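Starting from the given sequences, assemble the full structure and let the hints guide the process.
What follows is the residue order along each chain.
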Amino acid sequence: MDQFTLNLLVVGATFALYIGIAIWARAGSTSEFYAAGRGVHPVLNGMATGADWMSAASFISMAGIIAFGGYDTSAYLMGWTGGYVLLAMLLAPYLRKFGKFTVPEFIGDRFYSQTARTVAVICLITASLTYVIGQMTGVGVAFSRFLEVEVSTGLFIGAAIVFMYAVLGGMKGITYTQVAQYVVLIIAYTIPAIFISLQLTGNPLPPLGLFADAKSTGEPLLTTLNGLLNDLGFAEYTKQKDTTLNMFLFTVSLMIGTAGLPHVIVRFFTVPKVSDARSSAGWALVFIALLYLTAPAVGAMARLNLIDTVYPNGTTSAPLAYEARPDWVKNWEQTGLLKFEDKNGDGLIDYVADGDKNEFDVNRDIITLANPEIAQLPSWVIALVAAGGLAAALSTAAGLLMAISSAVSHDLIKSQINPSISEKGELLSARIAMGVAIAVATWLGLNPPGFAAQTVALAFGLAASSIFPALMMGIFSKRINNKGAVAGMLAGLGVTLVYIFLHKGWFFVPGTNSFTDADPLLLSIKSTSFGSIGALINFAVAYFVSKSSEEPPAEIQDLVEMIRVPRGAGAAVDH
Amino acid sequence: MADQSSHDDKAYWAANVRIIIISLVIWAVVSFGFGILLRPALSGIAVGGTDLGFWFAQQGSIIVFLALIFFYAWRMNKLDKEYGVDD
Chain A
1 MDQFTLNLLV
11 VGATFALYIG
21 IAIWARAGST
31 SEFYAAGRGV
41 HPVLNGMATG
51 ADWMSAASFI
61 SMAGIIAFGG
71 YDTSAYLMGW
81 TGGYVLLAML
91 LAPYLRKFGK
101 FTVPEFIGDR
111 FYSQTARTVA
121 VICLITASLT
131 YVIGQMTGVG
141 VAFSRFLEVE
151 VSTGLFIGAA
161 IVFMYAVLGG
171 MKGITYTQVA
181 QYVVLIIAYT
191 IPAIFISLQL
201 TGNPLPPLGL
211 FADAKSTGEP
221 LLTTLNGLLN
231 DLGFAEYTKQ
241 KDTTLNMFLF
251 TVSLMIGTAG
261 LPHVIVRFFT
271 VPKVSDARSS
281 AGWALVFIAL
291 LYLTAPAVGA
301 MARLNLIDTV
311 YPNGTTSAPL
321 AYEARPDWVK
331 NWEQTGLLKF
341 EDKNGDGLID
351 YVADGDKNEF
361 DVNRDIITLA
371 NPEIAQLPSW
381 VIALVAAGGL
391 AAALSTAAGL
401 LMAISSAVSH
411 DLIKSQINPS
421 ISEKGELLSA
431 RIAMGVAIAV
441 ATWLGLNPPG
451 FAAQTVALAF
461 GLAASSIFPA
471 LMMGIFSKRI
481 NNKGAVAGML
491 AGLGVTLVYI
501 FLHKGWFFVP
511 GTNSFTDADP
521 LLLSIKSTSF
531 GSIGALINFA
541 VAYFVSKSSE
551 EPPAEIQDLV
561 EMIRVPRGAG
571 AAVDH
Chain B
1 MADQSSHDDK
11 AYWAANVRII
21 IISLVIWAVV
31 SFGFGILLRP
41 ALSGIAVGGT
51 DLGFWFAQQG
61 SIIVFLALIF
71 FYAWRMNKLD
81 KEYGVDD
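Listed in order, the protein sequences are those of chains A and B. When we follow UniProt numbering, the leftmost residue of the first sequence carries the number 1, and every step to the right adds one. When we follow UniProt numbering, the leftmost residue of the second sequence carries the number 1, and every step to the right adds one.
Derived from the structure by calculation, the hints contain no laboratory data. Source: prediction; values computed, not measured. Glycine included, C-beta positions come from ideal geometry on N, C-alpha and C. Some clues are possibly wrong.
Said to hold, decoys possible - Derived lysine-lysine pairs resembling PhoX-like cross-links, with alpha carbons at most 20 Å apart: (1) A:Lys357 / A:Lys339; (2) A:Lys478 / B:Lys10; (3) B:Lys81 / B:Lys10; (4) B:Lys78 / A:Lys273; (5) A:Lys273 / A:Lys100; (6) A:Lys330 / A:Lys343; (7) A:Lys547 / A:Lys478; (8) A:Lys273 / B:Lys81; (9) A:Lys357 / A:Lys343.
Unchecked claim - Just so you have them, the derived chain A footprint on chain B, three or more residues with Cβ under 8 Å: (10) 8-16; (11) 30-41; (12) 56-69; (13) 75-85.
Here it is in structure tokens:
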């Protein structure tokens, strides 16, 4: 059986599984559609959160970014895991005690203001939509490869499937399908990593293999990689290239963005008890860490294998002839994501650091998917990775679309525009909101502002600057009032959005930017790192505006006291 | 009686905040500290072809994060019982 048929078969089988579960658990009432009736066990909830969380950015894109960025990209690893510590301690238990369905609902009640709720909806939609653009990029890459089509065709096919998938089931369908998706994606991620770690170091555990000796040289793997990169003029893998300031701010932004992303927070509304909200965050991180401890090994080893492929006789000898290129290069050339341009006309693939002489252009987003092909693993492994990448992208896209649609139907239409809307009408408006979000994200995904993980990092910056500070202050301070929260969210989101648009183009339209991340507006702060500055502005504005206006009413202060104590957390009530 | 319970709730919250602060100090030290700012200071300690700071940035911090969340969940369950506020 050829690779193409095998890919179709494996991907088709996993899809049949997800759709089967979605139909089996099809959402009936609105409360099930949003929060799955709150009957989900912490371990299963942790697994589903893991699938929800680990998107195309983690699965498809991150290892490739690490492979080419080395130490600097540790910000992704620390940022996207460290945020769970904040979630577990600063947000999840209290939001569960509060016992409502959506993040804007909490902000609206705590800051006793429909304006605050509407502003929260705007923040949520801005961050989530940016996130979906990143997912669409990843979906496009995955479909283009396994259907062997151009990347934009892959994107359209992917968008159609995401639409059918997300509109079909509600949260409950998503919770159980996401457990299945987690299992598929973690197997697909770790199996090739184990194979490759064994090949290169003889150690079956990739996280240990990363720091083990390479079979080829007898020296540590990272020393070997540093040596090869040096020969080709690249900076050493383990060396810091970014400024400490930017790396610090980037990590902060990803961490607090993690804790501020609505589609992750709503997960903790679905556990039975407050204590479960704490342990759910822990279980989620266990399942996430399985991938995040593997990813740095995948990155370093992929870079090593890539160099070995291009320089089969070592970096001091001549590179591979283009005519002798392996099949995986040919396959990826079809997608347009891997390019060879024979600048000096010698017919050899010169892969070097110097941009004027380099002839081999590899899109970062293909590394994870191409990795098993590069390492010449069996064809079923390649098919499995394609299925895993799609599971990651689909599950997160679906979770985000849920968050967007519930914000629109529940927090805008039902609570403000038309309170008498029927359940049927509410579900219909939720589905229309999903469709619009997918269309916009697909259109912007054709010319994405960066590689999948970078686009997603922008979404984290937006969540960090808007939602996280409002939630945290709402719980930890009784003094922050409606005016402060609204002003803080608007200031944080506004400044961050402008900074991002200045660097990535207005509304992400290419060519409308005035600065680039290589030469940013302020110091060395890239647009992906600015969320932490935005959060700081949010905190400061909220504090000073609240300080100069009246205290929140007594019943709101009582509400804050109530959510701080687990006692009496019943089932959630809709109003 | 109501005053007593609201007094207890305040003490419970203060104890919670104390545990959070201790946990977050450790959280910051392993990631922002060892992984980024203090990496040059730790560069003398070799780990598999690189240094301890690199290990913390790519692996160590994640392991500590895990331990912190489960410690917090365990400690808070105990605290909930002490104050009789478990749900």
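Results of checking the hints against the structure:
1. A:Lys357 / A:Lys339: holds (14 Å)
2. A:Lys478 / B:Lys10: holds (13 Å)
3. B:Lys81 / B:Lys10: At roughly 15 Å apart (the allowed maximum being 20 Å), B:Lys10 and B:Lys81 satisfy the hint.
4. B:Lys78 / A:Lys273: Measuring from Cα to Cα gives roughly 15 Å; hence the hint holds.
5. A:Lys273 / A:Lys100: Judged against 20 Å, a Cα distance of about 13 Å means the pair holds.
6. A:Lys330 / A:Lys343: Since the Cα atoms of A:Lys330 and A:Lys343 sit roughly 19 Å apart, the hinted pair holds (cutoff 20 Å).
7. A:Lys547 / A:Lys478: holds (11 Å)
8. A:Lys273 / B:Lys81: Holds. A:Lys273 to B:Lys81 sits at ~14 Å (cutoff 20 Å).
9. A:Lys357 / A:Lys343: holds (7 Å)
10. 8-16: holds (count 4)
11. 30-41: holds (count 6)
12. 56-69: holds (count 10)
13. 75-85: holds (count 5)
Violated hints for the displayed structure: none, as all numbered hints are satisfied.
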